[in-house]
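Got two chains here, each in a separate frame; can you build the complex from them with the hints?
The listed protein sequences derive, respectively, from chains U and W.
Going by the numbering used here, the first sequence runs without a break in its numbering and finishes at 647.
Going by the numbering used here, the second sequence runs without a break in its numbering and finishes at 182.
The hints are simulated quantities; they were obtained by calculation from the structure and are not laboratory data.
Every value quoted in this text rests on a predicted model; they were computed, and no experiment measured them.
Zero decoy hints are in this set.
Calculated pairs, PhoX-like style, for lysine-lysine (alpha carbon to alpha carbon, straight line, at most 25 Å): (1) Lys-6(W) to Lys-457(U); (2) Lys-171(W) to Lys-572(U); (3) Lys-119(W) to Lys-86(W); (4) Lys-572(U) to Lys-543(U).
Some residues of chain U that are not near chain W, with every Cβ distance over 10 Å (derived): (5) Pro-535; (6) Arg-584; (7) Arg-640; (8) Val-642.
To give an idea of the chain W side of the interface with chain U (calculated C-beta under 7 Å), a few residues: (9) Leu-11; (10) Thr-15; (11) Ile-22; (12) Trp-30; (13) Glu-59; (14) Val-64; (15) Val-65; (16) Arg-66; (17) Pro-69; (18) Ser-100; (19) Asn-105; (20) Asn-108; (21) Phe-109.
Cβ coordinates follow ideal geometry from the N, Cα and C atoms, glycine included.
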Amino acid sequence: MNLLLKLLGCLVVAVALGLGSAWWLINAGLGSAVQNGAWATDPAIGATNADPYTRAAVARAGLLALNITETAYFTAVIDDSGEPLSTACTYKLTGATALATRWWSITAYGADHYLIPNEAKQYSQAMNSVSPRTSGGFEISVGPDAEGADAIATGYSGTGVGDPFSLTLRLYNPSSAIYDHLASVALPRIVKEGCQ
Amino acid sequence: MKSWPYLLAATLILAGIIHITAVLLWPGFVMARLVSGLETQSGINLAVHATRADENSRTVVRPSPDLIYTICAFDVSEHPLKISAPVPDDTYFSLSMFGDNTDNFFVVNDSQLTKNVVEIVLVKDDDQLTTLGGPPMVVAPSETGVLLFRTLIQSEDRFAELDAIRKQAKCEPVIPTQ
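If we strip away everything but chain W, and leave its shape as in the complex, we get (with noise of 0.2 Å):
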């Protein structure tokens, strides 16, 4: 009997999972290096403050030079994150946040808020926002991800002041007193 039929099918239909599973796991396998990088360089739960992109900027996949980028790795697993940030006038600012699978599940930009600042608490299940007062609470869909704040460069001459402002960007866990 010849086998060659049945090696070609076994082949293609193990090739066909190992496309699908690679498809699946890639996002997840990039968002946890990108995570585990800040990690590594800074810390979870902290703001990182990227410096103005250039060709050697390597944290953000196609980088605006336009923009400056305020990143934070976070993992809610165990404690909410505080988010705050004061909010420049007259120029763009976002708030986004990005779930383990790369989804943007979240933003919110300076034209959207009230106030010349913006102020979140992101939680990792409805749980907690029973426990808690304050600030709107954004739900995660994964309990570590990513959030960027971007800043337009409005003009050169505003660089050292954005620069200024959007360092004052923090992310904290809320830790309940004992």
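Chain U extracted, bound-state conformation (with noise of 0.2 Å):
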């Protein structure tokens, strides 16, 4: 009797050890294995020569994910000084030049990678929509109060702490300059501007 109870023990322990750490690791996000500022990605994001690690992460936070021959994906949950994202705070985006590719966009998710509420509707900006530059670069606020045009909005109603959330940059059809070399390629300045 008392061996059985260890051994009920050994398994629970075991399942909750297995499971647990297999969702920890699923969900850090769209991998890391670049890091360029605050921005991660991972160059074999949808790849059929994907590890299991990567497949599992892509199943969890971007199910239906291009392959880098197609679309880069970037994401970012913390700012440029490291601080986790948060929907209680507004953070200015720099872009100082054009990014090298056919088409970009930046969007905003909530914890759940689904679209953040918010009364505007406003969940992203890109290429199309953002005020040119004459450098070709682009500023982007992103926040609570973020309203009209280059902006964002976060949705967080004035209470509580706020949420976390991360950003993804999407950029469609890169050039060879993007991914030959991810890790140092020129991307939006994520600064934080205050909180309420």
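Below, the structure written as structure tokens:
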């Protein structure tokens, strides 16, 4: 009886450890094989030679993501100072120059990996929607009060401490200058301006 | 004799096996759930024209609100699948295919197409390659999976036009005539 209880205890601990560690790794985000400032990516996303952990992460946080020959996906869960992104804070995203890609977009997602509810339905900004600058760059405001042109709303209601969120930068048909230099290509800076 | 070292070792080994099994099975489980959901919602081997992504959209994980999606769950176990769609002018358009393990095994975009229409036959194995003629063929690495048409909403003024074009996308089984 004593042995049986011990074996049962071992089984419970093994299941909890095995499933818990698997879920923790699967839930860690869409790959962080390559870090570029606040942005992370994994060139194996969607690839037919992806390892099991990348496939599992894609299934959790990027199902139906294209492979890198078609699209490079960069995700940020932190700002440039390393602080987790919060819906209660306002951030300025600055692209100094044009991104060498056919088309790009930046979209905000909640912790559940879906679009964040907000009254303005302002979920993203893209190459064809931001105000052009002479340098080819752009500036986007991300935060609770962000509305109108060049803004992405995070839906913060003004109560509580805010929720974590993430940003995805999509680069469709990127030039080789991007996918050959994922860790060093110039990507938008994410600077916190303040919190409510 | 103390048994705890053996129990600890067995627990860790079992935890490792459960961990690896969960990581390996998770992608197939998620894809099977997606295919099953689409089959229940509208049927298999049928194009479904999703509404523009908003906070209520749950078909595609991390959807892009700048794109409009047409999705088709496929099952080529019995018949090949003919896929066709007109290609809109002056905007990004792609057709991508995903196996039952989430791998993006095929993608083509508007800039790679020479015609204003994309036509492809999806087959399950090499045998079917010799029995059919016509459009280019793609061999699916799994009998079930999902294919996705993406169309960029190049400007809000063009939304109605692009939405009407992408709704002409089709998935239809190729059933031999008797």
